[in-house]
Each structure stands twice: as structure tokens, then as C-alpha cells.
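Asker: Below, each chain spelled out in residue letters.
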Amino acid sequence: MVQLTRRMRREWPLHIMLIPGLAFIIIFSYVPMVGILMAFEKYIPTKGLFGSPMVGWKNFKFLMDYPDISRIVFNTLYIATMKIIAGLIVPITVAILLNELRKEWVKRTFQTMVYLPHFLSWVLLSGIVIDVLSPSTGILNEILGLVGIKPVFFLGDNQWFPYIMVITDVWKEFGFGTIIYLAALTNINPSLYEASEIDGAGRWKQTLHITLPGMMPIIVLMLTLNIGNVLNAGFDQIFNLYSPQVYESGDVIDTFVYRMGIEQAQYGFATAVGLLKSIVSFILISASYVLAYRVANYRIF
Amino acid sequence: MKKSLGRRLFLGCNFVFLALLSCLCLMPIIHILAISFSSGTAASAGKVVLWPVEFTPAAYQNVFGKPEYLRAFWVTIQRVVLGTAISMFLTILTAYPLSKESSQFGMRTFYAWIFVFTILFNGGLIPWYMTVKAVGLIDTIWALVLPGAVQVFNIILLLNFYRNLPKELEESSKIDGAGHFTTLWRIYAPLSLPALVTTGLFTIVWHWNSWFDGMILMNHPDGYPLQTFLQSIIIKMDLRFLKSQDIELMQKLSDRTSKAAQIFVAAFPILVIYPVLQRFFIKGIVMGSVKE
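Taken in sequence, the protein lines are chains P and S.
For the first sequence, this note's numbering gives the first residue as 1, with consecutive numbering after it.
For the second sequence, this note's numbering gives the first residue as 1, with consecutive numbering after it.
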């Protein structure tokens, strides 16, 4: 007891410091978790969360019978997986190539340029993408026209849409993604390169046998941490670039939840879909953190 | 040492490739800038590439002459200032106790998990919306500021930074009789400047770029921040809310050059601040993510 009061006397300022943060996070993150109850209700706004009639698993059954659901899940996984893979390969390659530049100021100039799109919102970038890809006035179709290719409606064509999502997403994020790999590159022991040079290894051999293995821990770590993202196809981007004609190839879980919940006011149903996504994401993210801890001894805090 | 021919060839190709790649990141923005300063006829004829054709600042006069655009700009400035101030205060304050060892602060791990759990799991869009509504924030500036005030990733970044500071600092300030609050404000906060600038920059950019919360939490377009306003004009081409029967105005705001001008104006502050802060965020990210 004496020990406890002494501890309290020493630690009370630390508890006090946490009160504001905790208050915010309880209200805006934990209270909504109570709202999950809606997934099991036919939610009626006027009756409120605790007054609306319970319907059990009906919302979930409705989801299972929903005709488009398998397509929506497929689109989500397809776009997200392609983004994860391309989002790993491109930054790693660019980081290695940037590292080959000998003049420091050239390297820094290129870096500054490739970071830029990361800091702009998908609203602005979508505005730019829509303009550039426009079939009537877009510059890309103008250029294609010069070599005799007929205008392509990239954002309105199911053949193209998922790939445009991947390409524009990689374009936005690859530069920023190089930061972490460039940091890993500077940590590789220079004496390894010197030793291999004496053994007669060329630059290509060095990249293959020293640089890549040296980056492996961070590559494995980034891949692992990205597992949790396979259900995140990128709401901000897709929502701003899609249209009903590309729902077939571009409608994903998050955009579906938005349309059902906010536009069509099917609160119970949208919450049920969101809940399923949250649960699967929770399992995946937790698993990826455990894996990252086992494989790379990575801890978030 | 003399470089071999193959090596020199590679270096040349590598330079050209990276130069093209870097330009690829910049060119769409320059293209938009060129369109915004071109005449409407040149833009719709598709004559503009990277330099304005028939130079005119008309699109900008158009944009800055519209009270709707300026009001949205003002909402964004409010949310950036209020949101960043509140977020940074909470980040600095929350990261400190969580950076302690369990031996110094017994419930540290328990508290840390309360925060981290919110990254792993959330109630979903609809319950979140209902909560913000129940708190009574809809249609107020606080709807854009308070729900996102605790940025768990920034807290983690900063607490990892705190942990890498020498332990002797804390011990010596304790010997000098300083309490936790004094230690935090006088020693930890000033020393973690690179991490604070990094998290501050991320928060500013996050607030500047947010549009979704404005779209669903504001019933009235007068409360839209800039990005939400642009989203409805440029992307959705939803002109209903301009509440003006003035067809000319609608056309002016939604034609290609005006759209380009609006995009560029919204991108401009970011174009200015990010290169300056670059060395901070690189250092901040690298140091915040390394644990010893």
C-alpha cells in the first residue's frame, strides 16, 4: 500500500498528461465502436441506436446474397494487391538508382522532385488526372493521336480503369517511398563494397550480392506491414476518379459502403459491410505486426 | 581510378532515366499551370503543353473574384491553424508519458495499447458519422478539427524520438528538482524539434488536403473547406450549391482554365513549404522509425 501511494505520487503527472488525448480518442474512436450495434439493427435515425429494432444477422445475410458483392471484393483485392507489389518494386529500384548518382546536389534535386505528388491531395491530383486523360482535350490522347492511335477514354473503360488506379497511385507515392530505402542503403557497410572490388566484382554484381541483401530486412518489413492493406484499395483516389460506367472494375468495399451508407441511408447494411471489413483488416494488420516482430524484430512503440 | 566504358554508359543512362522520371512527377503540375494562364480558346483547342498559349491571368481573376472560393479558402485556413495547434499540443503531451519505460510508469503499456488499438480497429464510417453528429459538431468548424485531433502515428513517431534522447537529460533535470511537466516543456520539446517539425508538417498537409470530412460533416456548402469545394466543382461538377442562377458564373468556375487555376492555387502553398521542410521530414522519419 505504501509502495502504491509512493508510485502514485511519482506517476500522477503522467496520468494527467494522458487525460486530454484519452478523452478525444474515447469519444471519436471508442464510442463509434458501440455504434457497431447498428449492423444488427434496422436502424431508424429517429429512434436512435438503442431504440431501433434488432434484426439479428439479416444485414449480413442480405450482404451474402447481394449480387455484386463478389465483384466488389475481387476489385478491392485486385487493385490493392497490384498497388502493394508495384509500390514495393518501384521505390526500391528508384532508391538503388538514385544511390548510384555521384553528385549530391543532383541526387537531392531529383529527390525533391519525386516527393512532390505525395503531398498533394487526391482531389487535386484527380483533377489533374481527369484533365490529362480526357478523351477530348487531354494531352495524353493528343500525343497518342500524333502516332495515329484513336482517343481512349481511360477513366471510363473497364479494361483500363484498375491499371490507371495502380499507375497513378505509384506515380503519387513512389518518390516518398524511396526515403526509407535510401536510409537503408546508407546503412550498408562501405567496406563490403571495397572488399568486393578487390575481388573483382562489378557494380551489377555488387548490387545483386551486397546492396539487395543489405536492404532485405527493410524490404521484408515493408512487405509484411503492407499485408494489412489488401482491403484498402484507396478510397480517396477511386472515389474521385470512378463513375457508374466503371463500377464493374473499379467499385471497391470502401466506395460501396459510402454509397450504401451516406448516399442511400441504409445505415444498418453499410455498418455491417464496414464491420466485416474492419474485422478482416484487424486480423490482417495484427498478424502482419506479429510477423514483422518475429521476422524483423520490429515494434511499433 | 578510371571508369570503364560500361560504367560510364550506365551512369549516363541512369542520369537521363532519373531526370525523365523526376520530370514526370513535375510535368502534370506544370501542364496545369500552363493551362491556367492560357486563353480559354487555346485550352479547349488542346494547344497548351508546358507553356501558356495566348497568356492571360483571366482565370485567376475569375477564381479570386468569387466569394465562394475565398470563403472555402478561409475555412481551410481556420482548420489548418486550429487543427494543427490542437493536434501538436496533444501529440507532445501524449507522447511523453508513453515514451517512459514500464519501470518508470507502470501503466504505460496499457495506455499505449489503448491508442494503438484505434489504428488496428475502427467502428467504420457510419458509426463514426453518427458519433460526430451526436456530439453536435455537424456544420461547425470543430467537426473538421476535433475528430482527427489525436494522430496516433504522429504520437508513435514522437515517442520513439523521445526515447532516443539521452537518459541523462531527464535524470539531471530531476536532480535539479524539475517535475515531469517542466522536463517536457523545457527539455524534451525543444530537443525534439526535427520530429516536431515533421509531425507538424504532416498535420498541416493532412488538414490542408482533407476533403472527405468536409463533404459528409457539412450539410451546408458554406462550411466546405477548399478541397471539398474543389471536389464538388472539379470532380463531381456539382454546381447546385453555388445558389446562383448565374449560368455564366457556373461556366466560369467549371471551364478548363478556371479548374486548372483553382487546382494550382490549392497546390501552391504545398509547393512552397515542402522543399523547405524536406530535410526535417527525412530526418524525422528516419529517426522516428529507428529504435535502439
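A couple of the hints might just be wrong.
Which chain S residues stay away from chain P? Per the calculated CB distances, all over 10 angstroms, these [stated by the list, open to error]: (1) Cys23; (2) Glu68; (3) Leu82; (4) Arg108; (5) His220; (6) Lys259; (7) Gln262.
When the alpha-carbon atoms are kept at most 20 angstroms apart in a straight line, the in silico SDA-like pairs for lysine to any residue are as follows [as the list claims (entries may be wrong)]: (8) S/Lys3 to P/Arg102; (9) P/Lys58 to P/Gln266; (10) P/Lys42 to P/Glu263; (11) P/Lys107 to S/Cys25; (12) S/Lys133 to P/Asp157; (13) S/Lys167 to S/Gly106; (14) S/Lys133 to P/Gln266; (15) S/Lys100 to P/Glu11; (16) S/Lys283 to P/Asn187; (17) P/Lys107 to S/Arg256; (18) S/Lys236 to P/Asp157; (19) P/Lys107 to S/Pro275; (20) S/Lys283 to P/Glu173; (21) P/Lys205 to S/Leu5; (22) S/Lys47 to S/Pro275; (23) S/Lys174 to P/Arg7; (24) S/Lys236 to P/Tyr258; (25) S/Lys283 to P/Val73; (26) S/Lys100 to S/Ser4; (27) S/Lys283 to P/Ile179; (28) S/Lys283 to P/Ile180; (29) S/Lys236 to P/Leu37; (30) P/Lys107 to S/Phe280.
What the hints contain is simulated information worked out from the structure, not anything from laboratory work.
We treat Cβ as the ideally placed atom computed from N, Cα and C, and that holds for glycine.
Asker: Just pull the numbers of the violated hints for me, sorted ascending.
Answerer: 1, 4, 6, 7, 12, 17, 22, 25, 26 and 29
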